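Here's the letter readout for the chains.
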Amino acid sequence: MIDAAAAVLAPPAPSVVRPRPAGLLRGALRVAAFDLKRSARSFRAFVLLLFGALPAVLVGMRDVLFDVPDEEFRAGAVFFHFVFFMATMQFFLLFCSVFLGASAFSEEVEDQTLVYLFTRPLRRASVFLGKLWSATVLGSAILTVTTLAMWAMRGGRFGAGSAENVPATAAQALQCCGLLTLGCAAYSAVFAAIGTFLKKPLLVGILVAFGWEVVVSNIPGVIPNVTVMYYLRSIFASIYGRADLPRPVVQVFLRGPNFDTAGDAILVVAGVAVVGAAIGAWIVSHREYVLNRAE
Amino acid sequence: MSGAVVSGAPLVEASGLSKWYGQVVGLNDVTVTVGRGVTGLLGPNGAGKSTFLRLVSGQIIPSRGTIRVLGERVFGNARLFTRLGVCPETDAFYESMTGLDFARAMLRLAGFAREEADRRARAAIARVGLDPDLKKKIAAYSKGMRQRLKLAQALAPEPEALVLDEPLNGLDPVGRAAMVALIRDCGQRGISVLVSSHILHEVEAMTDQILLIHQGKLLAEGKIREIRELLDRHPHHVRVACSEPRRLASRLAAHADVVRLAFEADGATLVVETTKPDEFYSRLPKILRQDAISLASLESTDDGLEAVFRYLVSA
Chain A
1 MIDAAAAVLA PPAPSVVRPR PAGLLRGALR VAAFDLKRSA RSFRAFVLLL FGALPAVLVG
61 MRDVLFDVPD EEFRAGAVFF HFVFFMATMQ FFLLFCSVFL GASAFSEEVE DQTLVYLFTR
121 PLRRASVFLG KLWSATVLGS AILTVTTLAM WAMRGGRFGA GSAENVPATA AQALQCCGLL
181 TLGCAAYSAV FAAIGTFLKK PLLVGILVAF GWEVVVSNIP GVIPNVTVMY YLRSIFASIY
241 GRADLPRPVV QVFLRGPNFD TAGDAILVVA GVAVVGAAIG AWIVSHREYV LNRAE
Chain B
1001 MSGAVVSGAP LVEASGLSKW YGQVVGLNDV TVTVGRGVTG LLGPNGAGKS TFLRLVSGQI
1061 IPSRGTIRVL GERVFGNARL FTRLGVCPET DAFYESMTGL DFARAMLRLA GFAREEADRR
1121 ARAAIARVGL DPDLKKKIAA YSKGMRQRLK LAQALAPEPE ALVLDEPLNG LDPVGRAAMV
1181 ALIRDCGQRG ISVLVSSHIL HEVEAMTDQI LLIHQGKLLA EGKIREIREL LDRHPHHVRV
1241 ACSEPRRLAS RLAAHADVVR LAFEADGATL VVETTKPDEF YSRLPKILRQ DAISLASLES
1301 TDDGLEAVFR YLVSA
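If you're matching them up, the sequences are chains A and B in order. For the first sequence, position 240 (counting from the first letter as 1) is numbered 240 according to my numbering, and the numbering increases by one without interruption. In my numbering, each number is its position in the second sequence, counted from 1, plus 1000.
Everything labelled a hint here was simulated from the structure, so no lab data went into it. Keep in mind the model is a prediction, meaning the values are calculated, not measured. Note that CB positions come from ideal geometry on N, CA and C, so glycine has one too. Honestly, I wouldn't trust all of these hints.
[Stated by the list, open to error] Derived EDC-like pairs: lysine to aspartate or glutamate, alpha-carbon spacing no greater than 20 Å straight-line: (1) A:Lys37 to B:Asp1118; (2) B:Lys1143 to A:Asp111; (3) A:Lys37 to B:Asp1185; (4) B:Lys1137 to A:Asp111; (5) A:Lys37 to B:Glu1299; (6) A:Lys200 to B:Asp1101; (7) B:Lys1136 to B:Glu1158; (8) A:Lys200 to A:Asp264.
[Claimed, not checked] Across the chosen pairs, the derived CB separations fall in these ranges: (9) B:Lys1136 to A:Val57: 36 to 42 Å; (10) B:Arg1079 to A:Phe46: 55 to 61 Å; (11) B:Arg1073 to A:Ala278: 19 to 25 Å; (12) B:Ser1142 to A:Val226: 52 to 58 Å; (13) B:Arg1073 to A:Leu198: 51 to 57 Å.
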């Protein structure tokens, strides 16, 4: 019989210097660095980048594709606002966040690679946060690159009117990138949290993104206040000011008379990001994942 | 027991440990203390070995009972994994990485500095014999190479103990021998190993300490020779399809360990019952060669272990 008493007396394993287990944030940074290195070179990132380049192409080919009077789109910069609002913010931000966020954690479960992360000296919450940060950084990077490309195609080079307007439009474009980063963080956190307990988070994420966020945010009245998009529009409105926005945008999407101030809207969106991340981290810390029940 | 690190604590202490997956019982009321050294966890497929090892490695939560590994609680305990290496059963990897990148990344996640992680990853990969392929993409690895890489990532941090879930699955005979030698070497270096397998001969080559598990229950724990004695009392069944089954039967009948011979309805298949399977398997090729009998198939209808399990269950 295996003798437990003798086992206790067995010589200890040779002394080896081993790193201490990482704290929550340090562990999350390690996971994020590991994951980002892989995901930045993934096919998914490449496809998202290509897809995100479409609005830039659209902006660049404005004169070829659209027969619009100059008084409507007074300058390329205004056309940039329009495409940014309609395509990047209303669609590509959601698209990017749902694909990267929903799969951030769930792909480790689906691919059964989670076992390698859970058997490192890392907190389970760190694994979730690291994956989420990686998805957010990648999503934000893709959104930023495509937005700046879009600005360079039209808003900066042709649309600023004169050379002295370039810094101002560039600053606005950078603020737009900040808005996208904030939105990406919030949406990714929500979709990644969904991915901690659902088997098909992508499907639910698409429903939330394009059902809830897009449809509900366009219902007249106060109902849009329960969507993240409402607050992102508030930030957008404060970046440009109502007067500078193209009329179709104002008429169709910014009709709400009581947009929040940029500060309040930023707080709400950041709050959604933090709460989503906290809920996901808590679920991962307490839930077991049966990766492959062979028995 | 407190959460403090207990030096020299047994590898596993489980008390009343059960795990259910919905209505399915994975493990049923297991109480066991696994000491240091190499221990084989033996049982047929579906016995509950992987469930037990997943509980040991903190991947799942017990439905009932308690478990401590190296004196520490398991689920969600990051500190335990500075001392415990895990080689999972699942054949999953980050396929686009190279073997070296994977082993290095696992070490970086464990907190090793870049240079140290690189040094350890290369050493672990060399130790499992994968060094010629360390820069190949994992997607291009054979099953055997993948098994060795899983072991390399578990070994690289030089843990105090290893949990290996079916590490010999998918390996060719040469790979199996190398893996067995490696596991034995780990034991000799003072690393405690809990290794699962459903093949008695494999476990026997690694250790003489075993746990027998069947239908979620711990049937026996002890020295392998005790199991061997049980095996000798329970004949091993082998089906041999060959060109001349009657001649083969007459040759085999001369040996005392062959207790029964029967022909199947097709007339070409001989069913042999032997009390000494090792001797039978070493004798058979010689007879076939001497009598120029061509072998169509050789199949163990009952690998002996099943017979022992049936015996233990009925007892």
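Verification of the hints:
With a CA separation close to 17 Å, the supplied pair A:Lys37 and B:Asp1118 stays within the 20 Å bound. Between the alpha carbons of B:Lys1143 and A:Asp111 the distance comes to roughly 17 Å, so the proposed pair stays at or under 20 Å and holds. A hinted pair counts as satisfied when its Cα atoms are at most 20 Å apart, and A:Lys37 with B:Asp1185 does not qualify at roughly 35 Å. Restraint check for B:Lys1137 and A:Asp111: the C-alpha separation of about 17 Å stays at or below 20 Å, so the hint holds.
The hinted pair formed by A:Lys37 and B:Glu1299 fails the criterion: a straight-line CA distance of about 48 Å is larger than 20 Å. A C-alpha spacing of about 30 Å is found between A:Lys200 and B:Asp1101, which places the hinted pair above 20 Å, so the restraint is violated. Taking the CA atoms of B:Lys1136 and B:Glu1158, the gap is about 24 Å. The hint is violated against a cut of 20 Å. For the hint linking A:Lys200 to A:Asp264, the alpha-carbon distance of about 33 Å lies beyond 20 Å, and the restraint is violated.
Between B:Lys1136 and A:Val57 the beta carbons are some 39 Å apart, a value that agrees with the proposed interval 36 to 42 Å. Checked against the given bound of 55 to 61 Å, the beta carbons of B:Arg1079 and A:Phe46, roughly 39 Å apart, lie outside it. Checked against the hint of 19 to 25 Å, the C-beta distance between B:Arg1073 and A:Ala278 comes to roughly 24 Å, which is consistent with it. For the pair B:Ser1142 and A:Val226, the beta carbons lie near 54 Å from each other, so the given range of 52 to 58 Å is met.
For the hinted restraint 51 to 57 Å between B:Arg1073 and A:Leu198, the CB-CB distance of approximately 29 Å leaves it violated.
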